[in-house]
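Enquirer: Start from chain A and add chain B according to the hints.
2 protein chains.
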Amino acid sequence: MAASHATIAIDAMSGDHGLRVTIPAALQALKTWSDITLVLVGREAEILEALAEHNETPNERLRVVHADQVVEMDDLPSKALRQKRQSSMRVALNLVKDDQADACVSAGNTGALMAMSKFVLKTLPGIERPAICTAMPTMKGHVHMLDLGANVGVDGENLLQFALMGSVLVSQLDDNPAPRVGLLNIGEEEIKGPERIRHAHRLLLQTPLNYIGYVEGDDIFKGDTDVVVCDGFDGNIALKASEGVAKMISFHLKKAFGRSLLTKLAGMVALPVLRHFQQTIDPRRYNGASLLGLRKIVIKSHGGADEFAYFHAIGQARLEVQKAIPQMISEQLAQLMATLEQQDTVHESEQQAV
Amino acid sequence: MAASHATIAIDAMSGDHGLRVTIPAALQALKTWSDITLVLVGREAEILEALAEHNETPNERLRVVHADQVVEMDDLPSKALRQKRQSSMRVALNLVKDDQADACVSAGNTGALMAMSKFVLKTLPGIERPAICTAMPTMKGHVHMLDLGANVGVDGENLLQFALMGSVLVSQLDDNPAPRVGLLNIGEEEIKGPERIRHAHRLLLQTPLNYIGYVEGDDIFKGDTDVVVCDGFDGNIALKASEGVAKMISFHLKKAFGRSLLTKLAGMVALPVLRHFQQTIDPRRYNGASLLGLRKIVIKSHGGADEFAYFHAIGQARLEVQKAIPQMISEQLAQLMATLEQQDTVHESEQQAV
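If you're matching them up, the sequences are chains A and B in order.
Read in order, the letters of the first sequence correspond to residues -3 to 350 in my numbering.
Read in order, the letters of the second sequence correspond to residues -3 to 350 in my numbering.
Heads up, a few of these hints could be off.
The list treats identical chains as interchangeable, and a pair is accepted whether it falls inside one copy or across any two copies.
The calculated lysine-lysine pairs, modelled on BS3-like cross-linking and capped at a C-alpha distance of 27 Å, are [what the hints assert, rightly or not]:
(1) Lys136 x Lys260
(2) Lys93 x Lys114
(3) Lys250 x Lys218
(4) Lys136 x Lys319
(5) Lys27 x Lys250
(6) Lys260 x Lys243
(7) Lys319 x Lys114
(8) Lys75 x Lys136
(9) Lys75 x Lys93
(10) Lys260 x Lys218
(11) Lys118 x Lys93
(12) Lys319 x Lys93
(13) Lys114 x Lys251
(14) Lys319 x Lys27
(15) Lys218 x Lys243
(16) Lys75 x Lys27
(17) Lys118 x Lys75
(18) Lys75 x Lys114
(19) Lys319 x Lys118
I should point out that these hints are in silico values taken from the structure, not numbers from a laboratory.
For reference, chain A alone in the conformation it holds in the complex (with noise of 0.2 Å):
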C-alpha cells in the first residue's frame, strides 16, 4: 500500500438503514476519491445484490467479505462481544487489525463499536480510555468535541489525554499548529465544577498544548476554541441538546413559512437562501465520529446517516489514514508524557534545594 492510498472497510450492514445507505454511499466514495479501496463486509448474497441494482460488480478497488451476522442497534456491548464474532462489525475490524484495512467505517451501535474496537485493536500505549470525537459548526467555521459518551465519570488524566489527542487530531486535519483546547465547564465562580475539572485545568496549564482555560456551552459553538474537551456525559447531553435544539429550530423555520399561501411564496423567494444556510450548519456534513486512543482508525457514523452523511464518514476515514493519526497521537503523547515528567522532575529538585 502506497502511504497516500486508503484502504476501508465499511461495515455494510450496520446502522439504521443497512446496505441501502452503504452501498450507495460506497460508490460515490469510490468515484470521488481514486486514492481509496473499499471492503464492503457483510452477507455476501446481499451486497452483490445491492452492487447489483446500481450495476456494479467487484473489483480491484472494491473486494467484498463475507460476514454472517448484524449487530442490532439495540445489542449490548457485552453481548455483541461474545456472541457476535461472525458479524459485519467484527469482521470489519479484523481486517484492520491484519493490516488487510487501513480504518474501519461503521454506523452500528455506539456501545458495540467501541467495545469491539477495544477489544480487537486495543489502545495505544499509555491512553487508558479511548474517546469519541467529532466535529460541529460553530460561527467561525467549526469545533471538534470529546468525549461524546465513551467515558462516564473521568479523571483529570484522562481528560488530559483527551485534550491531547483531539488537539493532535485538529492540528493534523486543520493544518493548525496550535489548536486552541477549552475545558467544558460551568461558570460559577466559586463552584467551578466537578475536582475531575479542576485536575484537568492545573495539568494543562502545565502543558505545551495551546490550552485557553474554560468555557462554558454557549462557548462552544462561538468558534473561539478548536478542540472542547469533556467527561462523555457531559459531552452526549451537550452534543444531542444542541442536535436537538437544532432540529427544534429547523421545525418552526418549516412551519412558519408553511403556514398560508403568502408564507409559502415567501418561502419560494427565500429558498436558495435557507437552501445556502442550511448547508452552512448541516450536519451530515460532519458526520463522521472518530474513536480516538486506539492503536488503528475506526470511525463511527451516526445510525441514521443517510447517503450523504454516510459518504463524509468514509471521508473522515480516509483523510485519518493519510495524516497517520495513531501514530501522530502516539508520538505526541510519549512527548508530552516526557515534558511533564521532566517538570516534575526539576519541581522536585527545586523543592529539594529549598
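Expert: Then chain B, alone, in the frame of chain A:
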C-alpha cells in the same frame, strides 16, 4: 393584601444594564397588570432620576426603597453574602422575608442570588437544596428544566426533590394535572449514567409523579416531556449549549440573507415569516428562572436581559405569587414523603411476613 394581588420587590440595580432595563420593564409591567405593586430597590436618587426620565414618580403601586450597595456580576457569592448587606439584592430579599413583598426579581449574579436567598429566606422544610428552573421552547410548546446550575454533584434524593418541585410548578403554571417528568441521561444501554441518576430513577418509579423515565439531550426539545430533571452541572451545560446553538443558527441565517442584494431582497420578502418564527422561539419570552425550594418566591432574570425579557421575569413572579408555588411545593412534598414512607413500611412488613 388580597389573594390575587402581588407585591414584587425589584432588585433595580443588578444585571448587566441595571436601571436602564429594570425601570422601563417595571413601568410596562405596572401598565400591563393592574393586580401588582412594585417596590424598586436601589439607590434612591438614581431611581428617582430614572423614573423622572419616564415622567414618573413613586406612587401607591410603585414604591422605592433605598439600598446603597450593588452586587456586581463578578462578586463571589460568599463575598456578596458577607460584605453586601446593604445591596439592592439583599434589601429586596429582606422585604420578602419581612412579608413586605411576595416575591423578589433580580438580574444579579446567580451564585450570589442563590446564596443570599438561601440565607435570608431559608429552604422549605425537608428541602435539602433549592434548584434553578426555567422554561424553554420545544416543538410542541415548552418544557421546564431543573437544576440549571445551583447544585453540582447532587444525589438521587435531591433529584427526586427536583422532580417534585418541577412537577408542582408546571402543574400550577400550565394547569397540567400530571406533568410528564423525565430524567436527563445518556443512551448507552450498559452505562446509563452515574449511580445518582439510576438511584433517582428507582425512587421516581415509586412516586405518584407522572414519571416517564430517562430522556436524552435531544428529547428536551421534542415536546414530549414537561419537566426535565438533572444535576446542576448537566443542566447548565445543556442549557448553555442550547443557547449557543440557537445563537449560531440565527447568526448564519442573518448572514445567508445578508450576502448580496438578491438575498437581502429575499430576506425582505421573508421578513414577516422570519419574525413570526423568531417570536416562537424568542428566549426573552422565557426569561425568569424560578429558585425553587425556598420558603418564598425568587425569580432570576438573565443578567443581559433587555426590557422585554425583564418584563417577562416580573410576569413570572406575578404568576408564582398567584399560584402560591412555595406553599404548593411544601404540601406536595409532605404528601410525597408520607407516601414513600408508607411504601417502605408496607415493603418492610411484607419482607417480615416472608
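Enquirer: Does each hint hold? Answer for all of them.
Expert: Outcome of the hint check:
| no. | hint | in the structure |
| --- | --- | --- |
| 1 | Lys136 x Lys260 | between (31 Å within a copy, 21 Å between copies) |
| 2 | Lys93 x Lys114 | within (11 Å within a copy, 58 Å between copies) |
| 3 | Lys250 x Lys218 | both (25 Å within a copy, 15 Å between copies) |
| 4 | Lys136 x Lys319 | within (24 Å within a copy, 45 Å between copies) |
| 5 | Lys27 x Lys250 | neither (34 Å within a copy, 36 Å between copies) |
| 6 | Lys260 x Lys243 | both (20 Å within a copy, 25 Å between copies) |
| 7 | Lys319 x Lys114 | within (21 Å within a copy, 55 Å between copies) |
| 8 | Lys75 x Lys136 | neither (43 Å within a copy, 38 Å between copies) |
| 9 | Lys75 x Lys93 | within (21 Å within a copy, 58 Å between copies) |
| 10 | Lys260 x Lys218 | between (32 Å within a copy, 24 Å between copies) |
| 11 | Lys118 x Lys93 | within (9 Å within a copy, 61 Å between copies) |
| 12 | Lys319 x Lys93 | within (18 Å within a copy, 64 Å between copies) |
| 13 | Lys114 x Lys251 | neither (44 Å within a copy, 43 Å between copies) |
| 14 | Lys319 x Lys27 | within (21 Å within a copy, 65 Å between copies) |
| 15 | Lys218 x Lys243 | both (19 Å within a copy, 9 Å between copies) |
| 16 | Lys75 x Lys27 | neither (37 Å within a copy, 65 Å between copies) |
| 17 | Lys118 x Lys75 | within (19 Å within a copy, 50 Å between copies) |
| 18 | Lys75 x Lys114 | within (15 Å within a copy, 49 Å between copies) |
| 19 | Lys319 x Lys118 | within (20 Å within a copy, 58 Å between copies) |
The structure fails to meet hints 5, 8, 13 and 16 from the earlier list, while all remaining hints are met.
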